[in-house]
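There are 2 protein chains.
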Amino acid sequence: MSETFPNQPEHPRPTMIDVARRAGVGLGTVSRVVNGGHGVRDETAQRVRAAIDELGFQRNEVARALRPGKKSTSLALVLGDLTNPFYASIAKASLEIAGQSGYAVVLGSVDEDPEGEKRAIKELVSRQVAGLMIVPDQGDHAFLQGAGVPVVFVDRPATGIEADIVMVDNEGGGRIAAEHLLRQGHERIAIILAPSYYTIGRRLRGFRRAHRAAGVEVDESLVIQLPEGNAEAAEKATREVMLRPDPPTAIFASTNFLVEGVLRALGELGQEPAVVGFDDFRLADMLPTPVTVVASDIAELGRSAARLLLDRASGTDTRPPQRIVLPCALIERGSGERPPSAVNRKAQ
Amino acid sequence: MSETFPNQPEHPRPTMIDVARRAGVGLGTVSRVVNGGHGVRDETAQRVRAAIDELGFQRNEVARALRPGKKSTSLALVLGDLTNPFYASIAKASLEIAGQSGYAVVLGSVDEDPEGEKRAIKELVSRQVAGLMIVPDQGDHAFLQGAGVPVVFVDRPATGIEADIVMVDNEGGGRIAAEHLLRQGHERIAIILAPSYYTIGRRLRGFRRAHRAAGVEVDESLVIQLPEGNAEAAEKATREVMLRPDPPTAIFASTNFLVEGVLRALGELGQEPAVVGFDDFRLADMLPTPVTVVASDIAELGRSAARLLLDRASGTDTRPPQRIVLPCALIERGSGERPPSAVNRKAQ
Numbered sequence: 001m002s003e004t005f006p007n008q009p010e011h012p013r014p015t016m017i018d019v020a021r022r023a024g025v026g027l028g029t030v031s032r033v034v035n036g037g038h039g040v041r042d043e044t045a046q047r048v049r050a051a052i053d054e055l056g057f058q059r060n061e062v063a064r065a066l067r068p069g070k071k072s073t074s075l076a077l078v079l080g081d082l083t084n085p086f087y088a089s090i091a092k093a094s095l096e097i098a099g100q101s102g103y104a105v106v107l108g109s110v111d112e113d114p115e116g117e118k119r120a121i122k123e124l125v126s127r128q129v130a131g132l133m134i135v136p137d138q139g140d141h142a143f144l145q146g147a148g149v150p151v152v153f154v155d156r157p158a159t160g161i162e163a164d165i166v167m168v169d170n171e172g173g174g175r176i177a178a179e180h181l182l183r184q185g186h187e188r189i190a191i192i193l194a195p196s197y198y199t200i201g202r203r204l205r206g207f208r209r210a211h212r213a214a215g216v217e218v219d220e221s222l223v224i225q226l227p228e229g230n231a232e233a234a235e236k237a238t239r240e241v242m243l244r245p246d247p248p249t250a251i252f253a254s255t256n257f258l259v260e261g262v263l264r265a266l267g268e269l270g271q272e273p274a275v276v277g278f279d280d281f282r283l284a285d286m287l288p289t290p291v292t293v294v295a296s297d298i299a300e301l302g303r304s305a306a307r308l309l310l311d312r313a314s315g316t317d318t319r320p321p322q323r324i325v326l327p328c329a330l331i332e333r334g335s336g337e338r339p340p341s342a343v344n345r346k347a348q
Numbered sequence: 001m002s003e004t005f006p007n008q009p010e011h012p013r014p015t016m017i018d019v020a021r022r023a024g025v026g027l028g029t030v031s032r033v034v035n036g037g038h039g040v041r042d043e044t045a046q047r048v049r050a051a052i053d054e055l056g057f058q059r060n061e062v063a064r065a066l067r068p069g070k071k072s073t074s075l076a077l078v079l080g081d082l083t084n085p086f087y088a089s090i091a092k093a094s095l096e097i098a099g100q101s102g103y104a105v106v107l108g109s110v111d112e113d114p115e116g117e118k119r120a121i122k123e124l125v126s127r128q129v130a131g132l133m134i135v136p137d138q139g140d141h142a143f144l145q146g147a148g149v150p151v152v153f154v155d156r157p158a159t160g161i162e163a164d165i166v167m168v169d170n171e172g173g174g175r176i177a178a179e180h181l182l183r184q185g186h187e188r189i190a191i192i193l194a195p196s197y198y199t200i201g202r203r204l205r206g207f208r209r210a211h212r213a214a215g216v217e218v219d220e221s222l223v224i225q226l227p228e229g230n231a232e233a234a235e236k237a238t239r240e241v242m243l244r245p246d247p248p249t250a251i252f253a254s255t256n257f258l259v260e261g262v263l264r265a266l267g268e269l270g271q272e273p274a275v276v277g278f279d280d281f282r283l284a285d286m287l288p289t290p291v292t293v294v295a296s297d298i299a300e301l302g303r304s305a306a307r308l309l310l311d312r313a314s315g316t317d318t319r320p321p322q323r324i325v326l327p328c329a330l331i332e333r334g335s336g337e338r339p340p341s342a343v344n345r346k347a348q
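Going down the list, the protein sequences come from chains A and B.
Take 1 as the starting number for the first sequence in the UniProt record's numbering and just add one per residue.
Take 1 as the starting number for the second sequence in the UniProt record's numbering and just add one per residue.
Okay, chain A solo, but in the shape it has when bound (with noise of 0.2 Å):
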């Protein structure tokens, strides 16, 4: 905590919380007014002013005081491939409520290379950010300890720091997604899973849970371990699982790429088992038969944990590290609703 301005230590003078307090707004309504009042109500705003005039701050003094310990106004955003979707969703909503506070958002981009994102990290950690948002692979992040900077992780928590976590309902996800098909009476249900990350790994577990629930066993030859998590590998895994004698009547795909290989492989084999997408897609519901996904807000992600990293950057924040749960949804559009006797039908 240094609301307090830094060399007046004797005399105590009012903080930024009593600005909030007297104007009865959040220290992010403060930062807002004092950074140009965008978003903020006339009315509140003026509210703002009038407490800093009788508090006896000038705007810089507060701008100031509102980032102690740093004049640092950016934060910097670390996650995957721009082009895939989800990142872009987080990217383009954390920015949006970064620039609302007049942050700036450097942004590292590295694709599923542990060496490459410690560097990335590194480097922006010595470009003096005021914070970072992090979507983690999978190495050890205890080097993040040292960086002096509040850290959020988004999508998925890493090990070897205590920090905040924004993330969405995975196991609920994967339990919503298997249920749906249970219920319409699938019994052999593949799940189709990306290398191990946390995130699949509590989609499996939320599958696993769902069978449990309904009493159906679940057939580990149709739980598949992908190499890599691209479309191209869920495409050959698919043709793989569903020439085999004994096929499942629905697939269960745990990333919104997957999904897009699965059904190039069903395509190709002219087959119709059920299909369940995890992460909603553009296009989804334009494609030869429309897709059902587990879905959940991915924008949301992305204001979460740059709004909790501005309060963690101002100094607002103080509590215990946080885990934030976003809910995750079913949208049925139609691939997710076929009967297990649809499997073969175009073949036929």
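Since the hints were derived computationally from the structure, they do not count as laboratory data.
In this text, all values refer to a predicted model and were calculated from it rather than measured experimentally.
Just so you know, not all the hints are guaranteed correct.
Calculated from the model, a selection of chain B residues having no Cβ within reach of chain A, i.e. all distances over 10 Å [as the list claims (entries may be wrong)]:
1. 105
2. 114
3. 139
4. 212
5. 220
6. 221
7. 227
8. 232
9. 269
10. 272
11. 320
12. 333
A few chain B residues facing chain A, derived, Cβ under 8 Å [as the list claims (entries may be wrong)]:
13. 85
14. 109
15. 286
16. 290
Cβ atoms here follow ideal geometry from the backbone N, Cα and C, with glycine treated the same way.
Chain B: place on chain A using the hints.
Relative to chain A, chain B alone:
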């Protein structure tokens, strides 16, 4: 030009250009070696280091000299909605190139809002970036003249300032699309236009040229200017034009988002005119009728812009403003190869 060291004007010392010449490489390579050597072959890196030693430089002097007058190793990138794959590709590619030279990228994303764009640019300039890559909005950009940093425009030129521009051959792309449709006997081709960006105007010009060359008159009632550049507007316009007594037998959708709206409308109406889109998009080949598009290498757009900006920022490229134009090519997938007689096939 300021490759010589500051504070030593009296004794003309060897410059970075001398290092590059002696090593037989470009200045970009010298920069990469000094910044860690990523993406440079061992043998080349050794040559560069030898040249640096021979000329009596310290490595950090070299690094400094490569960024004359600026300590900054950040570039700014200002573009539209990151969830548009077009912008995401540019961002990803320019990040890669900047990263290879040890530069970070600060991102400003502003969607079709000239005032917001101006604010974002000024904000980024105040952060003392080494250069700006901008996908410009339509407003006047004369305010950039005093920015004191190099600017490279991406995808479209801006008014009010002379600067480098990297773009695709929009006119050629429009021509290719129309030629393809005309060759198949279409004479009533609608063109769906997003609001009047430079790029869209050029695509229309190419469209008209192809008609003129083929001796086919453009029916001006089929030149459809949308109020907004989104899928919804394109869907509405397509519905209207297809319900006219004399509908077109082919449609050219001038952006990737517009083609989505066109296809939605046609799906509802059960009509199948030929369709060609501009810019490729994910899943285009998986739609009920795979979509023919005019495509260009969008990632190369980002890479070229970043390379050019780095050379401007380092002072190694002092040519007058350049204009780099990347070619377009047709990808035939089915929707663009329907004959004029196919329009009402489904509706019969």
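Hints, one by one, checked against the model:
A Cβ of chain A approaches the Cβ of residue 105/B within 10 Å, the least distance being about 5 Å, so the stated non-interface status is violated. With a minimum CB-CB distance of about 16 Å to chain A, residue 114/B clears the 10 Å threshold, and the non-interface call stands. The beta carbon of residue 139/B is kept farther than 10 Å from every beta carbon of chain A, the shortest such distance being approximately 18 Å. Even its closest Cβ contact with chain A, about 35 Å, leaves residue 212/B beyond 10 Å, as expected for a residue assigned away from the interface.
Once the 10 Å rule is applied to beta carbons, residue 220/B is consistent with being away from chain A; the minimum gap is 30 Å. Listed as outside the interface, residue 221/B is consistent with that label: its C-beta sits roughly 28 Å from the nearest C-beta of chain A, beyond the 10 Å cut-off. Every Cβ of chain A is farther than 10 Å from the Cβ of residue 227/B; the closest lies at roughly 22 Å, confirming the non-interface assignment. No beta-carbon of chain A comes within 10 Å of the beta-carbon of residue 232/B; the shortest separation is about 14 Å.
For residue 269/B, the requirement that its beta carbon stay farther than 10 Å from each beta carbon of chain A is met, with the minimum near 14 Å. Residue placement check: residue 272/B keeps its beta carbon more than 10 Å from all beta carbons of chain A (closest about 15 Å). Distance check on residue 320/B: its Cβ is at least 31 Å (rounded) from any Cβ of chain A, clearing the 10 Å threshold; non-interface status holds. Separation of residue 333/B from chain A is adequate, the least Cβ-Cβ distance of about 14 Å exceeding the 10 Å criterion.
The beta carbon of residue 85/B is positioned within 8 Å of a beta carbon in chain A (closest approach about 6 Å), and the interface hint is therefore held. Interface restraint check: residue 109/B against chain A, minimum CB-CB distance 5 Å, threshold 8 Å, status holds. For residue 286/B, the shortest C-beta to C-beta distance to chain A is roughly 6 Å, which falls under 8 Å, so the interface hint holds. A hinted interface residue such as residue 290/B counts as satisfied when its beta carbon comes closer than 8 Å to some beta carbon of chain A; here the least separation is about 11 Å, so the hint is violated.
In summary, the structure is inconsistent with hints 1 and 16 from the numbered list given earlier, while agreeing with the others.
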